[in-house]
Each structure stands twice: as structure tokens, then as C-alpha cells.
Amino acid sequence: MFTQYKYWYPYVSPHDPCPPIKIKSYSTPPQLYIAFQPIGLPQFPTAKEALMHGTLWPQLYSPYPNPQKRNEKS
Amino acid sequence: MVWYYEKKLQYPVKVSTCNPMLAKYLIEQYGGADGELAAALRYMNQRYTLPDKVVGLLTDIATEELSHLEMIATMIYKLTKDATPEQLKAAGLADHYVNHDKALFYQNASGVPFTASYIQAKGDPIADLYEDIAAEEKARATYQWIIDLSDDPDLNDSLKFLREREIVHSLRFREAVEILKEERNTKKFF
Amino acid sequence: MPPEYYRMLEEIQAIDFVIVELNLYLDTHPNDFEAIKQFNDFTEKSMKLKIQFEKKFGPLMNFGKSFSNYPFNWVDTPWPWQV
Chain R
64 MFTQYKYWYP YVSPHDPCPP IKIKSYSTPP QLYIAFQPIG LPQFPTAKEA LMHGTLWPQL
124 YSPYPNPQKR NEKS
Chain V
289 MVWYYEKKLQ YPVKVSTCNP MLAKYLIEQY GGADGELAAA LRYMNQRYTL PDKVVGLLTD
349 IATEELSHLE MIATMIYKLT KDATPEQLKA AGLADHYVNH DKALFYQNAS GVPFTASYIQ
409 AKGDPIADLY EDIAAEEKAR ATYQWIIDLS DDPDLNDSLK FLREREIVHS LRFREAVEIL
469 KEERNTKKFF
Chain A
6 MPPEYYRMLE EIQAIDFVIV ELNLYLDTHP NDFEAIKQFN DFTEKSMKLK IQFEKKFGPL
66 MNFGKSFSNY PFNWVDTPWP WQV
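Chains as they are written, first to last, in our numbering: chain R, 64 to 137; chain V, 289 to 478; chain A, 6 to 88.
Just so you know, the hints here were simulated from the structure itself, not pulled from any lab data.
Possibly wrong hints are sitting among the right ones.
Said to hold, decoys possible - Derived pair list, reagent style DSBU-like, types lysine-lysine, alpha-carbon separation capped at 35 angstroms:
1. K410/V with K369/V
2. K341/V with K60/A
3. K111/R with K341/V
4. K60/A with K50/A
5. K469/V with K42/A
6. K60/A with K426/V
From just these sequences and the hints, can you work out the full model?
Structural data, given as C-alpha cells:
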């Protein structure tokens, strides 16, 4: 399995004018890890759920915003 | 070729707050470099010279992008429909109003008009498909930054749908590269 | 528009979305027999839903893909961006 967000710690200078964001993140969605979609992947149980997620296959679904985004500021 | 219009959006678009400033940001995905118009035109145009195996995919993704263009237009239309000139001014849309009233215009969030130079077509299938993958990732990023700026939950719901579509398109273009580079298929082409 | 319009429209949007997803998938997986069956299945579902929808709310498509009442009701509101 893979994680959909990666985190890094930017260099913080005492001379930075704004309060530092200590942890930054970026999105690494599923298409980066699936070179070619295998046949027969499980699907969302209903067409409505597929529509609401923007894809038919849960394994291609990528949530946004990053659930941890709010913590970035601390 | 014939395209048919269907009187429906691909995904329901609801806007819950009267916030014309969001329209100013959304126009990036209407007439910006990585917007839906650029995407549709890019794939539609590359199709003519790409290997037959991937022409169907480009036709279909280009067509889906046109339906996304209409979703973005719907958002902008709804956000500005009943806004007063004062509200537009407060939202930073005074210069748009002066030139276009409430008409939509193919331009980016900074007011730069759409240009064909946003769209590349090299004729080399790998170069073109890599451009398409990059375009999808850039459009995904743009949706992320618009969602970050927007506090309208209903609008964000539609924007998250559009962001997810970029992910699926990117995967399909990556698969197209895999199809074109596969050794056993080359015999069929030559 | 009545709540029924939105309910039926969303049902069509859901079915048609599955069709779009399967279509793009089949563009790169043309030999997936099960997916083709599902594609044809949903295409049939979509056609049936649209016949019901059009009886109540008018034509969905132009250029002869939908039938018209008298007077020609393709031109009637609402358009997709208005609802």
C-alpha cells in the first residue's frame, strides 16, 4: 500500500518574516502507484457512490484536502 | 464527426454562498493554461496524428473535458448571476465587469486571455502523452489550490469531483504510454 | 423544477458516470469481457431512464437523439447551468 500525502520539514530561519510552517505536505495520488490498472478491481457498490467519489474504483479514489492539512501550521 | 449536446451536467453543481470572488479564481480552469478548454482542445487536436491504438482514449477524454468546461461555466455563472456591480468590485472583478459585464471570457485568473500556445502538439506520441499526463497533474494541483481558497462546501464538493477526474485521466494516459511502448504490439503497427 | 426532476436527473448522472468510467477503462483494456458486459448493461439502463425522464421533462439531446413534443420543446428552459 501507499500513502496519499508525503511530508517534509522545510529549513526554518530565525529571520523568516512569517511564523514558520514546520511541516509541509504534497499529494501523491493513486495513479503514481498503478502503472496499469489490473482487471477486476473492486468497484463502489452503487453508481451513486461512484459518482460522489468521482471514480468507479475505490483504489483510484484520492481524498482532498489532506486530512492532516490543518496540523501543518503548528 | 458529430458531437451531440446533452441537456445535463456530468455532476451536480451547487453553490451555497454568494461569493463572486470564487468566480475570479475559477476562471483559471475556464480559460487558463491548464484549464478545461485547454485540455479539451489539446487532446482533440493531438488525436489526428497519434497511433490508432490511443485515438479512442483521447477522443473520449477530450469529450469529457468539454463537460467539465460546462461545469466550471455553471459555477462562474451562478456565482456572478445576481451580484451587484458593487459586489463585483469588492470581489476584484471590476476590471472584468468593465470589459465583459457578466459574460464569461476565456481568460485565466489574472485576466490573461486564452492562447493556443498553452497547447502543445509535437507529433511524437511519447512527447504528446507525457504532456497530457503533466497537464492532468497541473489541473489537479490547480483544483487543490482553488479548494484551499474556497470555503463553500457545496462548490468544493464539485471541485473535488473534478480533481478526482484528473487523477483518472492521468492514469489512462499513463496506460496509453504503456500500450505504445510494449514490444509485442509494435509488429502490428509496422 | 420539482424535486422529482433533480432526483431523476441525479439517477441518470450516476448511471452515465459509470458508463464514462467504463468507457475510458475499456479504451485501454479492450479485452475485459466482464467490463464490456457491465458497459452494455449500464448503457441499457441509461436509455430506459432517459425515456422516462424525457416524457416528464422534455428532450435531453439535440439533432435527432431525442423526440420532440409540439411545440418544439428542445429550446425550453432550464439549461444545465440554470438549474
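Each hint, compared with the structure:
| no. | hint | verdict |
| --- | --- | --- |
| 1 | K410/V with K369/V | violated (40 angstroms) |
| 2 | K341/V with K60/A | violated (39 angstroms) |
| 3 | K111/R with K341/V | holds (31 angstroms) |
| 4 | K60/A with K50/A | holds (16 angstroms) |
| 5 | K469/V with K42/A | holds (28 angstroms) |
| 6 | K60/A with K426/V | violated (42 angstroms) |
Hints 1, 2, 6 from the list above are not met by this structure, while the remaining hints are.
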